[in-house]
Amino acid sequence: MTTPSSPESAVKGLRPLFAWALLGYVALHLVFEFFSWLVPSRHDSFTMRSYYADFVGLYTIALPLLALLIAVQITPVLGASKIMAAIALAEYAFALFFGVVTFLIGLGYAFTFAETSAATAFGGLRHLVMSVAELALLALAAYASLRVFTSLGGKLPDLTTAVRQQAPPAQPQPPTQQQPPTQPPAAPTEPPGAHRAP
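Residues in the sequence shown are numbered from 0 upward in steps of one, following numbering that gives the first Met the number 0.
Just so you know, the hints here were simulated from the structure itself, not pulled from any lab data. There's no promise every hint is true.
To be verified - Capping the alpha-carbon separation at 30 Å, the derived lysine-lysine pairs in DSSO-like fashion look like this:
1) K11 - K154
2) K154 - K81
3) K81 - K11
Said to hold, decoys possible - Pair by pair, the computed Cβ-Cβ distance ranges are:
4) F112 - R14: 20 to 28 Å
5) Y142 - E7: 27 to 35 Å
6) S5 - S40: 33 to 41 Å
7) T115 - L13: 49 to 57 Å
8) V10 - A61: 13 to 21 Å
9) L139 - A26: 17 to 25 Å
C-beta atoms are modelled at their ideal positions from N, C-alpha and C, and glycine is treated no differently.
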C-alpha cells in the first residue's frame with residue numbers, strides 16, 4: 000500500500016468506493032424496508048405497517064444525491080458516473096412510488112384515533128405535513144439525479160414508441176371504387192289531364 004502524497008489524493012482515490020457504498024446502502028435499505036412492509040405479523044395491520052414504513056427518509060433522500068456529487072462534482076468525473084446516476088434514479092423512483100403508496104395507506108392509521116385526543120390529532124397532522132415535505136424533497140433529489148443522468152448522455156426509454164410498436168398493425172383495406180352518386184329515379188310524367196278520377 001502506497002502512502003498518498005497529499006490529503007486531496009488520499010480522498011480522491013476512495014471516491015468510487017464511497018459512491019458505490021452509498022448507493023448500495025440505499026438499495027439494501029429499500030429492499031429490507033419493502034419486505035418488512037409487505038410481510039405481515041400478528042401484532043400489526045397493513046395500514047399500521049404503511050404508517051411506519053420508511054421508504055422516504057433522510058437516507059433515501061440524501062445518500063444517492065451525495066453519491067452523485069462525489070462521482071461528478073470532483074474532477075475528474077468518474078467513469079462509472081452514468082451508471083451511478085441511473086442507479087440513483089432507479090432508487091429514487093422506487094422510493095417515490097412506494098413512499099406515495101404507503102403515505103396514502105398510512106393516512107388511514109394516522110387519523111384512526113384522532114377524535115380521542117388533541118395529541119393524537121396533532122400526530123396525524125404532523126404525519127401528513129412531514130410526509131408531504133419529505134416526498135417533495137425526494138422528488139427534488141430525483142429531478143437533480145435525472146438532470147445529472149441526462150447531462151452524462153443517458154436517455155430515458157421512450158414509452159410512447161414502445162406502445163406504438165406493440166399495437167397490432169391495422170389490416171389494409173382493399174381500395175373501394177367510388178361510384179358517382181346515383182339519382183333517384185324520376186317519377187313518370189303524365190300529360191295533364193291523363194289521370195282521371197273514376
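Verification of the hints:
A threshold of 30 Å between alpha carbons decides the hint, and for K11 with K154 the separation of about 28 Å falls inside it, so the pair holds. Only pairs whose Cα atoms come within 30 Å are accepted, and K154 paired with K81 is accepted, the gap being roughly 10 Å. For the given pair, K81 sits about 18 Å from K11 by alpha-carbon distance, which is consistent with the 30 Å threshold. Between F112 and R14, the C-beta spacing of about 49 Å breaks the proposed range 20 to 28 Å.
Evaluation of the 27 to 35 Å hint for Y142 and E7 yields a pass: the beta carbon distance comes to about 31 Å. The hinted range of 33 to 41 Å is not satisfied by S5 and S40, whose Cβ atoms lie roughly 53 Å apart. Distance hint for T115 and L13: a CB-CB separation of about 52 Å, consistent with the stated range 49 to 57 Å. The given range of 13 to 21 Å is respected by V10 and A61, whose C-beta atoms sit roughly 19 Å from each other.
Checking the proposed 17 to 25 Å range against L139 and A26 shows it holds: the Cβ atoms sit about 20 Å from each other.
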